[in-house]
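Protein chains in written order, with UniProt numbering: chain S, 1 to 223; chain E, 1 to 209.
Worth double-checking, as some hints may not be accurate.
Straight-line Cα separation of at most 35 Å, DSBU-like style, residue types lysine-lysine; simulated pairs [stated by the list, open to error]:
(1) E:Lys130 <-> S:Lys161
(2) E:Lys130 <-> E:Lys202
(3) S:Lys161 <-> E:Lys198
No lab work stands behind these hints, which were simulated from the structure alone.
This is what each chain is made of:
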Amino acid sequence: MKPSLWQAVKLVFVKEFTVGMRFKAAWAAMFMFALTTLACVSLALQGGVLEPRLAAALLWIIIFFASMAGADRVFADEDTAGTLLALRLYGGAQPVLWGKMLYTFFLLLVLTIFITPLFLLLIGAEMAAAGAFVLALLLGVAGLAAAGTLLAALVTGAQVKSGLFSVLMLPIILPVFLPAIFLTAASLGAGEVPVGFLGGMALYDGILAVGASVLFDYLWYED
Amino acid sequence: MGMILGGLTLVIAGLVFFVVPPAEGLGYYVRIAFFHIPVAWVAVIAFCVSAFQGARYLRAHDLSADVKSAAAAQLGFIFVILATVSGAIFSKLTWGAYWNWDPRQTTIFVLLLIYGAYLTLRGAMPAGHKRARAAAVYSLFSFLTVPFLVFIIPRLYFSLHPSPVLNGTGLAMDSLMLAVLLAALLDVTGIFYWLHKKQTEKLLQEERL
Chain S
1 MKPSLWQAVK LVFVKEFTVG MRFKAAWAAM FMFALTTLAC VSLALQGGVL EPRLAAALLW
61 IIIFFASMAG ADRVFADEDT AGTLLALRLY GGAQPVLWGK MLYTFFLLLV LTIFITPLFL
121 LLIGAEMAAA GAFVLALLLG VAGLAAAGTL LAALVTGAQV KSGLFSVLML PIILPVFLPA
181 IFLTAASLGA GEVPVGFLGG MALYDGILAV GASVLFDYLW YED
Chain E
1 MGMILGGLTL VIAGLVFFVV PPAEGLGYYV RIAFFHIPVA WVAVIAFCVS AFQGARYLRA
61 HDLSADVKSA AAAQLGFIFV ILATVSGAIF SKLTWGAYWN WDPRQTTIFV LLLIYGAYLT
121 LRGAMPAGHK RARAAAVYSL FSFLTVPFLV FIIPRLYFSL HPSPVLNGTG LAMDSLMLAV
181 LLAALLDVTG IFYWLHKKQT EKLLQEERL
């Protein structure tokens, strides 16, 4: 019996999670990268107070580059291990994309949950609007996962991978990145929270996910 | 065609330097606008051409569409650099700073990043259908940022740029200025079309070798 799309997505997610737990290198690299960057920022500040806008920008820079250290592995590891062909044979494009996107979202969400409280603690930030802050983080991470999954598939055939993922990612993620910084800054006390940006981010996340879904077929089914 | 475009360019340059009067508030600095606006326009047109040809490749698997997409991106990259540099000079002369992340500066910078990323991706992959597919997908995926660049960015930042000059509400332009600007737009678009044809031929020749 052919499984439904949701069941197939779930299977891909479980496979990704199991492999991720077995080979923890991607997780470790991402978390250690985030921690190292955070430590650098905190050490450089030496207890100095950060303006909310600067704090928001730093937080998102840490999240962005830390996610680049892990999210780009989602297809590359399978390519290196030689399992991508098997997945191509047995998995349809859409279950693979959505399963991997869901896993990337989960991965980045855990990273964000790990890094954000530490960041707030170390810089001594005061929260003015926690709800908007959490929503901005969720929507920002969703955008990173949606764009990151397609771009990770895109770079599997590249001969030079180092840095390429970030180069491709930044212009596409800016529509999520910039409002997220504005919202985070406002949540940390830099003026009124521009609630409309949340709708804009959600809309753009949706566009990215649908765009990735449409375009992934062309990458998955080769001639 | 090259001769006609060269002649037209000389005529427009003559008009800009010897006939067009100084603009209110900008003086003779307005001359930069006759270069800056057309190259910025073509930078955006090239982006659309690249995405369109990318979509054509994905539909038909025709490598010549991929070559046209690449040629448009290569030229677009040059035009976007010209637009960025001329805009920065204009900004320094009129507003006192080379760069202040004005919405249109942000838009053109994002475009510069997209072109750079697209060309880096192409450079990192061996020629063939796999590269063509990846480049086309990236070109179309990055095209999703257009609504954001046009509608959202202007709401995020304060702008020093005048409103669009062609609807009569922005720069105080008399009819002569507007006519010269339209001619410059036409001329630079023609130059892009001509260069695109030449570059496509060159790239196709390289692909055959």
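Hint check:
| no. | hint | verdict |
| --- | --- | --- |
| 1 | E:Lys130 <-> S:Lys161 | holds (15 Å) |
| 2 | E:Lys130 <-> E:Lys202 | holds (21 Å) |
| 3 | S:Lys161 <-> E:Lys198 | holds (31 Å) |
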